[in-house]
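S.K.: Given next are the chains, with one letter for each unit.
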Amino acid sequence: MDSTQLLKGVLDTAVLAVLSRGRTYGYDLVRQLRAGGFDEVGDASVYGTLRRLFGGGYLTSEVVPSEEGPARKYYGLNRAGVDLLDRSKKTWHDFAGVMNHLLEGEEE
Amino acid sequence: MSITLSPSKAAYLAKVAEGLADLPVEDREEVVQDLEAHLAELDDDEVEATLGPPEVFVAEFRQSAGLVESETVSTPGIVERLRARLEEWSARLSEMTHWQSFRPVWLWARGWLLVSAWSLLYDIEGFSRFPIPSIGGSSLTGLVLVVGATLLSLWLDAGTQQARSIGSVVFSVAAGWALVGMLLNPLPTYAELHGEEIYIDRLTGPDGSWVENIYAYTLEGEQVDVLLFDQSGRPLLSLPTHAYEEAEFAPNAEVIHYDSRAVAFARDQFGRVIPNLYPLQLSTYDEIGRLVPMPPPSLGFPTIEEDEAPDDENPVPTTTTPPFG
Chain A
0 MDSTQLLKGV LDTAVLAVLS RGRTYGYDLV RQLRAGGFDE VGDASVYGTL
50 RRLFGGGYLT SEVVPSEEGP ARKYYGLNRA GVDLLDRSKK TWHDFAGVMN
100 HLLEGEEE
Chain B
0 MSITLSPSKA AYLAKVAEGL ADLPVEDREE VVQDLEAHLA ELDDDEVEAT
50 LGPPEVFVAE FRQSAGLVES ETVSTPGIVE RLRARLEEWS ARLSEMTHWQ
100 SFRPVWLWAR GWLLVSAWSL LYDIEGFSRF PIPSIGGSSL TGLVLVVGAT
150 LLSLWLDAGT QQARSIGSVV FSVAAGWALV GMLLNPLPTY AELHGEEIYI
200 DRLTGPDGSW VENIYAYTLE GEQVDVLLFD QSGRPLLSLP THAYEEAEFA
250 PNAEVIHYDS RAVAFARDQF GRVIPNLYPL QLSTYDEIGR LVPMPPPSLG
300 FPTIEEDEAP DDENPVPTTT TPPFG
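As they're listed, the protein sequences go chains A and B. Counted the way numbering that gives the first Met the number 0 counts, the first sequence spans residues 0 to 107. Counted the way numbering that gives the first Met the number 0 counts, the second sequence spans residues 0 to 324.
Everything labelled a hint here was simulated from the structure, so no lab data went into it. Possibly wrong hints are sitting among the right ones.
Claimed, not checked - DMTMM-like cross-link-like pairs, simulated, lysine to aspartate or glutamate; straight-line CA separation at most 20 Å:
| # | chain 1 | residue 1 | chain 2 | residue 2 |
| --- | --- | --- | --- | --- |
| 1 | A | Lys7 | B | Glu59 |
| 2 | B | Lys8 | A | Asp27 |
| 3 | B | Lys14 | B | Asp44 |
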């Protein structure tokens with residue numbers, strides 16, 4: 000099946016999960032997602048997700064000067080972001096459980 | 000530390016910015032800021048390989064950000080482009096002209112402008128005590144309203160809520176209109192200030208001839224300048240109406256010519272004619288057309304000697320108290 004659609008559905012949660020480990024900036028966030036197995040995620044999608052989550056009031060941002068180049072904008076979770084991640088985790092586990100159950104039943 | 004992107008990266012960034020031209024400037028700047036830092040991490044040949052062409056990046060970003068994707072994403076409509084261009088110009092203008100430095104002045108002035116315009120609109124003497132506008136004939140009321148309007152102006156500007164921002168914009172627009180209105184319709188004429196209407200009929204003397212000029216003297220026989228009004232406060236005018244109209248239409252003319260006369264009206268500090276300040280500076284023409292001032296009347300005032308007492312039948316006033324006021 001096309002994993003692109005699946006990616007879209009879980010990208011918010013994936014971004015929140017990475018940010019829950021600590022503040023980071025866009026390029027590093029993309030790198031961490033790729034390292035975590037999201038090979039097909041587009042950079043623009045990550046930035047779009049960041050913008051949407053930030054606009055929704057779930058993230059903090061801070062521009063930090065960089066010695067190596069342009070200033071970087073670090074994103075982090077605020078209280079609303081942590082709550083959203085908790086709810087997303089529960090939704091994901093419930094959904095995954097249902098899917099696993101269905102798929103295991105299929106195999107039997 | 001700030002570095003300059005390579006030309007190809009800068010071009011990529013510019014194309015993305017152009018593709019997002021319909022976004023508010025702040026939102027677009029945030030995306031550009033993120034992408035600029037991202038591009039700095041890549042080699043030139045990696046840019047399109049990892050991010051895709053600028054149009055694809057923009058489309059993917061829009062979709063992911065939940066932005067409504069218009070049919071003209073790659074080529075924004077003329078309205079969006081115009082708006083984006085205006086916003087850019089506005090931002091640049093702010094940086095170039097230090098417009099912000101005038102902002103506090105405007106915030107303090109706009110309250111006064113609104114009250115002053117109101118004063119001029121509804122109170123004919125609203126500016127008689129410039130710069131404090133008079134409301135309902137009271138400068139104190141005007142001052143209180145100016146203070147109130149100024150506080151409101153500052154309060155509206157200090158807030159971040161949308162309602163306050165809208166209120167501040169409305170306040171500025173109204174004050175701007177007030178300023179334009181005051182510039183286009185300046186101060187009322189002197190006659191408007193001191194009387195709702197002026198006499199049309201000429202003043203006439205006992206023999207039916209026109210009274211052209213009026214001279215006032217103290218009881219000591221000293222000629223004085225006076226402002227003459229009737230019982231209703233209307234200015235007394237002695238010249239034909241068109242002489243005053245000529246003067247209003249020619250605010251810089253030193254002499255107004257009318258009929259066979261010329262008059263040099265007195266004017267106040269705003270250049271408005273004071274039509275009822277007597278005696279008028281009237282002139283006539285001699286045989287070769289030169290202006291010749293018309294002299295005051297030759298009057299024989301009685302002189303009072305210290306040792307001469309008036310007789311009872313022809314009393315001469317010995318007091319300097321005028322018989323009026």
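S.K.: State for each hint whether it applies.
M.R.: Right, here's what the structure says about each hint:
Between Lys7 (chain A) and Glu59 (chain B) the alpha-carbon distance is near 11 Å, which keeps this suggested pair within the 20 Å criterion. Proposed proximity of Lys8 (chain B) and Asp27 (chain A) is supported: the alpha carbons are some 19 Å apart, at most 20 Å. The suggested pairing of Lys14 (chain B) with Asp44 (chain B) holds, with an alpha-carbon distance near 17 Å, which does not exceed 20 Å.
When the structure is compared with the earlier hints, no violation turns up for any of them.
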